[in-house]
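Oh and the sequence shown: position 58 is 987 in the working numbering, straight run, nothing missing.
These aren't lab readings, by the way, just hints derived from the structure by calculation.
Just to be clear, a hint being listed does not mean it is correct.
In silico EDC-like cross-links for lysine to aspartate or glutamate, where the CA-CA straight-line distance does not exceed 20 Å [unchecked claim]: (1) 1302 <-> 972; (2) 1173 <-> 1261; (3) 1231 <-> 1261; (4) 1173 <-> 1265.
The structure displayed is predicted, hence computed values, not measured ones.
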Amino acid sequence: MKDIAPPLADPTTSPTQQPSDSPTRVNEAAKSTASSNGCNAQDATWSWLIAFAVSLLAGFAFGFAMQKSWAFDPFIVRRQFAFANWIMIKVFAAAGASTAFVLVAVSYLAPTAFAAVMDGAYTNDRGMVSAFVGGALIGVGGFVIAGSCPGTVFSQLGAGVLTSPLTFAGAIVGTLVYGLVHPYLTGEARTAKASIYFGVPYPAIAASLGTIFLLLVIVLEIVVPANNDLPAGTTVEHDWVLAKRAWPAWASGLVLGSIQIPLILVLHKTLGTSTALVAFISTFLSLLPAAALDKPSLAYFKGKHIGRRPGYTLIFALAAVIGSLSSAYFGDSFAELHGVHPAGAFFGGALMLFGARLGGGCTSGHGISGTAKLQWASFASFAGMFGCAVPLGLLWEYA
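Construct the complete structure from the given sequences, taking the supplied hints into account.
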C-alpha cells in the first residue's frame, strides 16, 4: 500500500524514505488513540446513564412500595419487636422469599450475572462478631429507639414523617463517625468455608429458605389479616391500586423482591441502602480540595461519590424519597405522622447507621439480600437485630 506524503513533508525526501515517526504516522496514532479514548468515554457515559436509570426506577419502586405497606410508620416498626404488629415481618419475609427465588432463577438463566453478584458474598473483613454487633445496633437504635432502619428512613422522608429529617441527620453523623474509626476496626478479609453449602447446591438451600419465608407470610396473613395491623381508617380496599392508602404487606414485599431482577441483571448488585449515606458524604467531600481526601481519617469515603459505582445507591435512595412522596400523594396520606421523640430520632439514627456500616449491611442488604445469598455475616446480623431489638421492644411496649 503506497504511503501518502504529509503536506509539510521535506520535498527532498521520498514517501518511502520517511522516518517511522513521520508526522503522518504520529497524527494517525494520535487520532487512533483519541478515537479509542472517545469510544471508551462514550461507553462509560452510556453505562453510567443505564445504571442511573435502573437505580432511579428501582429506588422509586422501593419508596412507593414501602410507603404503601405502612412499614415506614415509626411506631409500626417499633411495635413489631413487641410482637404487637406484623406488617414489617410480612414485608421483609415476602421480599426475602421473592429474592431467594429470583436468585435461584438467575443462577440458571443468567449464570454470569449470578457469579458477579455472588462474588465477594462470602468475604467479610470484620468477621461475625462485627456483623452481630452491627445488627444489634440497628435493632436497638433503628428499630426501637428511632422506629426506622437504613432503608425505611428514605421512605419516611418522602412520606413526611415529621421527625424523619432528624433520623436522617443522625444517620449521617453515625456514618461519618464510622468512617473516621473504620481504619481501626477492619482486619484481613475472611472467606467463609465451602461448608456453608453442606454439600448441597446453592439453589436447593436458597429455594428451601424462600419457601420457609413464603410459608411464614401465608401463616401470618391468615392469623393477622392485613387490615388488622393498619392505622385506624386505613385499609387495603377501595380505590385503584396506586391511590390506595395501603397495600397488603406481602404485595409490597413482592415489589421489593422484584426490584432485585434489574439490579442483578444490569448492575450486578443486590438491594442494600446503607451505602447511600457513605456516597452522600463522599459526594459532599468531593467538592473539597483533593488534598482533603488524602487524609487517612477520610480514606473510607474516597471515590464513593455519586459518579462512581457506590454512588448508584445514593441515586436509588433519592428516588426512594420521591417514590414514597408520590405514594403518599396518591393515597392522600402525606405528613400524617409525627414520629418518635426528636432526641430518639437523632440518637437512634446515629446508632443505626454506625451499626449498619460496622456490620457491613443493613436490614435490606443483610436481612433481604444477604440471607438469600446465604451469607454467614447476614445471618449473624439478623440474629443481632432481633436478639437485641425484641427485649427492648417488649420493655418499651409493656413496661
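Consistency of the hints with the structure:
For a cut-off of 20 Å, the pair hint linking residue 1302 to residue 972 is broken: about 31 Å separates their Cα positions. About 9 Å separates the Cα atoms of residue 1173 and residue 1261, which keeps this hinted pair within 20 Å; it holds. Our distance criterion of 20 Å between C-alpha atoms is broken by residue 1231 and residue 1261, whose separation comes to about 41 Å. Taking the CA atoms of residue 1173 and residue 1265, the gap is about 15 Å. The hint holds against a cut of 20 Å.
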